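Student: Sequence:
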Amino acid sequence: MSAAALCVGVGSFSDPPDLPGLAHFLEHMVFMGSEKYPSENGFDAFLKKTVFQFDVQRRSFKEALDRWAQFFICPLMIRDAIDREVEAVDSEYQLAKPSDSHRKEMLFGSLAKPGHPMGKFCWGNAQTLKQEPKKQKINVYKRLRAFWKQHYSAHYMTLAVQSKEKLDTLEEWVREIFSKVPNNGVPKPDFSDLLDPFDTAGFNKLYRVVPVRKVHALNITWALPPQEQHYRVKPLHYISWLIGHEGTGSILSVLRKRCWALALFGGNSETGFDQNTTYSIFSISITLTDEGFQNFYQVRRHSVSQMLKANATFFENYVEDVCENMQLFPKEDFLTGDQLMFTYDPEVISGALSLLTPDRANLMLLSPEHEGRCPLREKWFGTQYSVEDIAPEWMEKWSGNLELDSSLHLPAENEFIATDFSLKPSDCSDTELPIRIVDSEKGCLWYKKDNKFKIPKAYIRFHIISPVIQKSARNVVLFDLLVNILGYNLAEPAYEAEVAQLDYKLVSGEHGLVIKVKGFNHKLPLLFRLIIDHLASFWASPGVFSMFSEQLKKTYFNILIKPEKLGKDVRLLILEHSRWSMVEKYQALTAGLTVDDLMDFSRSFKSQLFAEGLVQGNFTSMESAQFLQYVTDKLQFSKLPAEVPVMFRVVELPQTHHICKVKTLNKGDANSEVTVYYQSGPKLLREHTLMELLVMHMEEPCFDFLRTKETLGYHVYPTCRNTSGVLGFSVTVETQATKFNSEFVELKIEEFLASFGEKLEALTEEAFSTQVTALVKLKECEDTHLGEEVDRNWAEVLTQQYVFDRLHREIAALKQITKEELVSWFQEHRAPSSRKLSVHPPVTKVYEHVCTCEPANVTKLSVTVFVIFRDSLFMLNHSPSLESSVVISVTSSCRSLPVPKIVISSAKRIHFSLVETSQRSFNKNSFGPNTDPWGTPQVMFLILDLCSPI
Numbered sequence: 001m002s003a004a005a006l007c008v009g010v011g012s013f014s015d016p017p018d019l020p021g022l023a024h025f026l027e028h029m030v031f032m033g034s035e036k037y038p039s040e041n042g043f044d045a046f047l048k049k050t051v052f053q054f055d056v057q058r059r060s061f062k063e064a065l066d067r068w069a070q071f072f073i074c075p076l077m078i079r080d081a082i083d084r085e086v087e088a089v090d091s092e093y094q095l096a097k098p099s100d101s102h103r104k105e106m107l108f109g110s111l112a113k114p115g116h117p118m119g120k121f122c123w124g125n126a127q128t129l130k131q132e133p134k135k136q137k138i139n140v141y142k143r144l145r146a147f148w149k150q151h152y153s154a155h156y157m158t159l160a161v162q163s164k165e166k167l168d169t170l171e172e173w174v175r176e177i178f179s180k181v182p183n184n185g186v187p188k189p190d191f192s193d194l195l196d197p198f199d200t201a202g203f204n205k206l207y208r209v210v211p212v213r214k215v216h217a218l219n220i221t222w223a224l225p226p227q228e229q230h231y232r233v234k235p236l237h238y239i240s241w242l243i244g245h246e247g248t249g250s251i252l253s254v255l256r257k258r259c260w261a262l263a264l265f266g267g268n269s270e271t272g273f274d275q276n277t278t279y280s281i282f283s284i285s286i287t288l289t290d291e292g293f294q295n296f297y298q299v300r301r302h303s304v305s306q307m308l309k310a311n312a313t314f315f316e317n318y319v320e321d322v323c324e325n326m327q328l329f330p331k332e333d334f335l336t337g338d339q340l341m342f343t344y345d346p347e348v349i350s351g352a353l354s355l356l357t358p359d360r361a362n363l364m365l366l367s368p369e370h371e372g373r374c375p376l377r378e379k380w381f382g383t384q385y386s387v388e389d390i391a392p393e394w395m396e397k398w399s400g401n402l403e404l405d406s407s408l409h410l411p412a413e414n415e416f417i418a419t420d421f422s423l424k425p426s427d428c429s430d431t432e433l434p435i436r437i438v439d440s441e442k443g444c445l446w447y448k449k450d451n452k453f454k455i456p457k458a459y460i461r462f463h464i465i466s467p468v469i470q471k472s473a474r475n476v477v478l479f480d481l482l483v484n485i486l487g488y489n490l491a492e493p494a495y496e497a498e499v500a501q502l503d504y505k506l507v508s509g510e511h512g513l514v515i516k517v518k519g520f521n522h523k524l525p526l527l528f529r530l531i532i533d534h535l536a537s538f539w540a541s542p543g544v545f546s547m548f549s550e551q552l553k554k555t556y557f558n559i560l561i562k563p564e565k566l567g568k569d570v571r572l573l574i575l576e577h578s579r580w581s582m583v584e585k586y587q588a589l590t591a592g593l594t595v596d597d598l599m600d601f602s603r604s605f606k607s608q609l610f611a612e613g614l615v616q617g618n619f620t621s622m623e624s625a626q627f628l629q630y631v632t633d634k635l636q637f638s639k640l641p642a643e644v645p646v647m648f649r650v651v652e653l654p655q656t657h658h659i660c661k662v663k664t665l666n667k668g669d670a671n672s673e674v675t676v677y678y679q680s681g682p683k684l685l686r687e688h689t690l691m692e693l694l695v696m697h698m699e700e701p702c703f704d705f706l707r708t709k710e711t712l713g714y715h716v717y718p719t720c721r722n723t724s725g726v727l728g729f730s731v732t733v734e735t736q737a738t739k740f741n742s743e744f745v746e747l748k749i750e751e752f753l754a755s756f757g758e759k760l761e762a763l764t765e766e767a768f769s770t771q772v773t774a775l776v777k778l779k780e781c782e783d784t785h786l787g788e789e790v791d792r793n794w795a796e797v798l799t800q801q802y803v804f805d806r807l808h809r810e811i812a813a814l815k816q817i818t819k820e821e822l823v824s825w826f827q828e829h830r831a832p833s834s835r836k837l838s839v840h841p842p843v844t845k846v847y848e849h850v851c852t853c854e855p856a857n858v859t860k861l862s863v864t865v866f867v868i869f870r871d872s873l874f875m876l877n878h879s880p881s882l883e884s885s886v887v888i889s890v891t892s893s894c895r896s897l898p899v900p901k902i903v904i905s906s907a908k909r910i911h912f913s914l915v916e917t918s919q920r921s922f923n924k925n926s927f928g929p930n931t932d933p934w935g936t937p938q939v940m941f942l943i944l945d946l947c948s949p950i
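Going by UniProt numbering, 559 is the number at position 559 of the sequence shown; the sequence numbering is gapless.
Some hints here could point you the wrong way.
To be verified - In the DSBU-like style, the derived pairs of lysine-lysine whose C-alpha atoms are separated by at most 35 Å in a straight line are:
#1 Lys-471 to Lys-505
#2 Lys-134 to Lys-471
#3 Lys-815 to Lys-452
#4 Lys-452 to Lys-777
#5 Lys-471 to Lys-606
#6 Lys-214 to Lys-523
What the hints assert, rightly or not - Distance ranges between label pairs, derived from CB positions:
#7 Pro-645 to Glu-750: 33 to 43 Å
#8 Ser-769 to Val-507: 39 to 49 Å
#9 Arg-145 to Lys-36: 16 to 26 Å
#10 Ser-833 to Arg-377: 49 to 59 Å
Rather than coming from a laboratory, the hints here were simulated on the basis of the structure.
In this text the structure is predicted, and so the values were computed from the model without any measurement.
Positions of the beta carbon are idealized from the N, C-alpha and C atoms, including for glycine.
Using the sequences plus the hints, can you model the full thing?
Tutor: Set out below in structure tokens:
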């Protein structure tokens, strides 16, 4: 692969006051075709990306570079595309609005001095780029052209290219292609005189903020003089290393022991927001527990204490990074200026540390508990907040002679740092693919020695399979808690391993615990044994259990308020037999679990297991076998009484159209998502290859039709779906319910698919062959690092498919596929008898829906209704008979729930509607945590299940 990146040294700081977001808008418009390549999505069709960085197969690099350069030489910026692309910018803004990180940035920027560019609205939206300019009679197209002419000048730009061609060849290409980029000679905008933007009366306050997600967080922020001049010292790196340390003696360690915090990050991200020519930010962000939120002033005290202690004891994206470095550093430091600490200068470090004093800090406290207490609203994102002085008694404690916390100290010697980097000789025959070296009734192990990359690193992965996880939603929740608390117990002792570049990850899989460990092989066994030891001796205190139960409740809820995650949960709930929904897990979690329940589950989980692993890298087969032996010896489990499937059974959709509408949980979020899914059948290698080729053909036309021309949303894409071994493909549009209703979006998706079918039939053999060749080349690309090969092999182990040469088989299958076969496959899956499912999350209203099904395809009918009262969720189920015409009302002990009314005729025509009942109030003894009236219940979503498992 080859890649290129170009950085234009201008951004939103240069936005004119009367056109906020113009720089961002221009980023969109320059890619709407060029004089040499006038097609609006010509570059997208060629590369599948429309950003200022791209990668492409090496054989096409020069042509791609030429196409790409034209956007900076002679972009068309078609006048007719203005309104359409404004809608794309507005959709991007709408997608960003529910993000708490973006909301915090906009609120923080609003604290800057009047007139400082930090206070500008950099996103742009329909209001700033269309509606207001129209009122003010501003010619946006003319201003856009002028902005491009002034700022998209060659002397503002830096370019980095990467390919296997000779450097002389690359230089020749760059000179030939980019020499025509215009250079106006106008001095580059300079904002370095606008220092101290946050030296205002509104800083050094306490801002209480209502977040979108269910989260408690404390952000402590200092605005410092620009630090870019100290890039060779990087003083903030030293400070953030100590503040962000998570081992024994750290701030986070102390806060965790008090059950006040779950995570802590400190430092400067080096983005344009955190660091520019007018200031640099140093911030500490702490994710708080409920108890930590109540004691947030104490939390800040510990943060200040550690900084005082530190003061007293002080001693691929590759081309993108490079082109940005070229804007900042002298040429000798282009490659390493953002990475290396060239010079140690205690005075510079101490100087930065001396500025991090309590009286210079600004506090931002996020919590849903602030709802109703925040009368102010940020202008652009609508963030609710209040502002107050920091409590004088706490400011006095922080600013006075603060007593140092004796439990805080600098890190100790790190036992995980590798010292042996030798490559081990093979102790068995080398193989191209992993081989099974251990196979017993308690587990098996796959192994492959690395003789390709030849580095002193290794990967260890295990899937600890248990039959108890999926027995109930309650067990799934207890398993999530077990994995989260296991990670918490490991955080402190394993932190030094992470510092030594040994990484680990624990994943609560659907059917077992997934353990991933990687890094320098010398000390990797030490980390692996540490993880297994903690699993074997798993323990949780009541305080830790309570802390993680509350956090998991927030996590589940935060998933449900995101359209894309809610849509996935609902889609899989429909398709996968016996899957537990997020709502069911939420209910199980709020039903009153105890730490004793967790410990009972832990013992049950570890009693009967099957451990399957993969070891790749710089280990011998004998050493690798010891990892499985350690798991079985330490956990002391019995063999499974029967084989446990590692994938769900999948429901075969009847041959008709099904729709599921999901009502929004977040009324302030206009974002919606429509996914139209076509189910195919069990995953066969040839079928999967056909589908990949289809989606590759579909990507550019999908973008052009649904985004560029119809402007339905910022993100539109087709996808191959592999649902527990059953294939399908889908088209997704992320849009806004305030602009388009979900039925209209689905109609447009169907229009696109119809037009795409026509284009597919008209495809020439040459164009078809070109796409096949492109996909073959992508699959033939060599792995750039060992991890890519491991990921591919691990997917085979995790699903127990073991087709380790899948890529080679797919390439062989691709070369046999004909255009007629592809067209036939698409038409078959688009026919009236296709198995189609549409998921619309979220919608503002659950509409009545009628669906018809053939009796022969239906083995059962179940109606599932999910209902929300404020933050609590409930589920009702009913399975009526299909024998005759009947009217059914689903009832519940909760008399005020909306009643789904289902009418089933003898022809199996099913009609349902919702009947809202009168409002009632409930107290915490009945349903939830609130003693106040909960308001009118809302139907969240309904599912008509007319399916039988495959």
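Student: Go through the numbered hints given earlier and state which of them the structure violates, listing their numbers in rising order.
Tutor: Of the numbered hints given earlier, those the structure breaks are 2, 6, listed in rising order.
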